[in-house]
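There are 2 protein chains.
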Amino acid sequence: MQEVYISGGGMTKFGKRKETLVDLMVESARKALQDAGKDKVDALYVGTMNPEEFAAESNIASVVADRLGLVPVPATRIETASSSGAAAFDEAIYAAASGYFNSVLAIAGEKMTSVSTDRVSKILAEVIAPEERKYGATMPALAAMIIRRYIYKYGMKEKDFAEVAVKNHKNAVRSPYAHFNKLISVKDVLRSKVIADPLKLYDCSPISDGAASMVVTSEKSRVKLRGLGQGSEHVPLTRRKKFTTFQSTKIAAERAYKMAGIYPEDISFAEIHDAFTPFEIIGSEDVGFFEPGMGWIGLKEGETSKTGRIPINPSGGLKARGHPVGASGLAQVVEAVWQLRGEAEDRQIERELKYALTQSIGGLATNNMVIILEAV
Amino acid sequence: MQEVYISGGGMTKFGKRKETLVDLMVESARKALQDAGKDKVDALYVGTMNPEEFAAESNIASVVADRLGLVPVPATRIETASSSGAAAFDEAIYAAASGYFNSVLAIAGEKMTSVSTDRVSKILAEVIAPEERKYGATMPALAAMIIRRYIYKYGMKEKDFAEVAVKNHKNAVRSPYAHFNKLISVKDVLRSKVIADPLKLYDCSPISDGAASMVVTSEKSRVKLRGLGQGSEHVPLTRRKKFTTFQSTKIAAERAYKMAGIYPEDISFAEIHDAFTPFEIIGSEDVGFFEPGMGWIGLKEGETSKTGRIPINPSGGLKARGHPVGASGLAQVVEAVWQLRGEAEDRQIERELKYALTQSIGGLATNNMVIILEAV
Chain B
33 MQEVYISGGG MTKFGKRKET LVDLMVESAR KALQDAGKDK VDALYVGTMN
83 PEEFAAESNI ASVVADRLGL VPVPATRIET ASSSGAAAFD EAIYAAASGY
133 FNSVLAIAGE KMTSVSTDRV SKILAEVIAP EERKYGATMP ALAAMIIRRY
183 IYKYGMKEKD FAEVAVKNHK NAVRSPYAHF NKLISVKDVL RSKVIADPLK
233 LYDCSPISDG AASMVVTSEK SRVKLRGLGQ GSEHVPLTRR KKFTTFQSTK
283 IAAERAYKMA GIYPEDISFA EIHDAFTPFE IIGSEDVGFF EPGMGWIGLK
333 EGETSKTGRI PINPSGGLKA RGHPVGASGL AQVVEAVWQL RGEAEDRQIE
383 RELKYALTQS IGGLATNNMV IILEAV
Chain U
33 MQEVYISGGG MTKFGKRKET LVDLMVESAR KALQDAGKDK VDALYVGTMN
83 PEEFAAESNI ASVVADRLGL VPVPATRIET ASSSGAAAFD EAIYAAASGY
133 FNSVLAIAGE KMTSVSTDRV SKILAEVIAP EERKYGATMP ALAAMIIRRY
183 IYKYGMKEKD FAEVAVKNHK NAVRSPYAHF NKLISVKDVL RSKVIADPLK
233 LYDCSPISDG AASMVVTSEK SRVKLRGLGQ GSEHVPLTRR KKFTTFQSTK
283 IAAERAYKMA GIYPEDISFA EIHDAFTPFE IIGSEDVGFF EPGMGWIGLK
333 EGETSKTGRI PINPSGGLKA RGHPVGASGL AQVVEAVWQL RGEAEDRQIE
383 RELKYALTQS IGGLATNNMV IILEAV
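Chains as they are written, first to last, in this note's numbering: chain B, 33 to 408; chain U, 33 to 408.
Take the hints with a grain of salt, since some may be wrong.
Since the list gives no way to pick one copy over another, a pair counts as held whenever it fits inside one copy or between any two copies.
[Said to hold, decoys possible] In silico SDA-like pairs for lysine to any residue, Cα to Cα no more than 20 Å straight-line:
#1 LYS386 / GLU35
#2 LYS191 / LEU215
#3 LYS290 / ASN134
#4 LYS273 / ARG99
It is worth saying that the hints were derived from the structure and are not from the lab. On a predicted model such as this, the values are computed, not experimentally measured, just so you know.
With the hints as extra help, turn the sequences into a complete structure.
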């Protein structure tokens, strides 16, 4: 199989942005091209969940190719709900590995703040199976049910998973890319408004705008793709065997580790999908960093902090960097590249880093992705 | 480069269908899997333009994977406006050629008749550049301007391009897949309602529902991929150098021929994007079957009829098979496979067929695809 490298990454600041979705995508893409030292690529992938309904943008791959001055390169839009950014990365990898293209640009973004919060919730709820949506199920409501089950099974308390938000806000406190640059306490989390019991406002990632981009190539560079995996899952929750683990992450991780020929204990740090912060805990178990039911204890003991055994979300994660849905999966990979190259500024993990893992959730864990990178 | 074969195809009847988009996709996918003699694949691509707005379907790749019983395989949605079906095919090819997957299922579909015709027009017009859309430009209006220019430059008359619809309806007259099974005359076309002068109703493809699917694999089979190409173009028409040719098709064709190592005169027959029937004429020139401005003369002289030198749209094309936007690009490829295998029933071209070419237009020719297949 053709080896593929990552030669450049770029990201906008995430948050409430005045620019259009296309402006944000173009900004991040120009940074990635500059970082890669390229002004041309052979193909373009654009990951975004729902630009039509969030941002009234259609035919977006062509629009972005045109705005970047890349016409007539092939330009294709990729979508797998909230893991669209990781999916765009995967397609860029397959395209480069196929031998059809030498260098490929993956761009991912979302502009969510142009519509009302109610409208955002409604659009996001469209990923829920119709037979469950018709009872008024929303994403936070279903996530809350999952967390309730985890609490029941493993004895975690609300103050325990509040630590995810506290840690991730701390990691992002000086990040120029993060939606939030604010320290918060466990008390702040526990006192924040209940969204869907036991999830409070500060257990949920914010509604954000932002974009991230990356250049992948078959030419040797400082970061190499070592493994990737994607797994799908039954859409209705009622058809799943377990709630406290996501089968789609486990399958994705298994494939990525197998391809990489390494094990969870080899990973230096990870970016894990924390759209709802307890999902970071479940994710850290699903990718093999902790035994089932032990992730919250590892968190409590500081193992996932920036100085711990396996730092998770040094970027601040979706919670503090923000969660423009389609952008997040690729933003994770950009952060991983910067960390592996020792270029993560104030967020840099201060030790030698060899392997990075990212994990992204699509929909309510119906299409999850795991990516493993290596510093070479 | 890894060789890739097409081992199975399937299609629903196109037209106004009662079934949901997912039902149609599943129906076509089951047929393709059966044709390929497979019950499992390693990955799934779903091409569709705008299921959110046309059919209130979201997270569609996961939903289709689940409905097909394919969980936990990777499932990814692909979109390039009206060429989404061809783009899904291309991604399936890259995925199989990359060595990551052995067999890949590409599905493409659209359900357009659930919303009003006005709403369909509005959704389709979203592919037009905002600076041109704001003056009320619609797809037929811009297509009409392009055709006006062709008429001015090359002396074609309305009765000349009416022959495209007449030919394509004739080709589809006994097709079990076609939206229309009705012979029409030049007089019928000329007397039909004016949509955007000089385009009449019968010069425009209908609003349809439908889906098509295909299995591609690295295992040897009866039809082989020989070439593919994609080309993008400036989105605003005001930024294009020429109207009477689509640069995006020319680039796509050039790449596909180069990869295949063959020439336009080697092609046995073609499926060409005739969403507006004069586009078939432009397309037939852009892929090299005719010199610029000569396509309508070739049509008039019967060269593109089923018994002519280079039969175009033996399926009936988008005009008569119907045009569920995201489905059409893949439906063309399915028809090509059937023709190459001699299994096109009443539509079969009665001679030895070696190479087939398909050409699909995304948006107003902003992202076009050309695919070349070989009977082996």
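Evaluation of the provided hints:
Taking the shortest alpha-carbon separations for LYS386 and GLU35, only the intra-copy value of 17 Å comes in at or below 20 Å, while the best inter-copy value is 35 Å. Taking the shortest alpha-carbon separations for LYS191 and LEU215, only the intra-copy value of 16 Å comes in at or below 20 Å, while the best inter-copy value is 72 Å. Taking the shortest alpha-carbon separations for LYS290 and ASN134, only the inter-copy value of 17 Å comes in at or below 20 Å, while the best intra-copy value is 25 Å. In this homomeric assembly, LYS273 and ARG99 come within 20 Å of each other (Cα to Cα) only across copies, at 17 Å, whereas the closest approach inside a single copy is 46 Å.
This entry satisfies every hint, going by the numbered hints stated previously.
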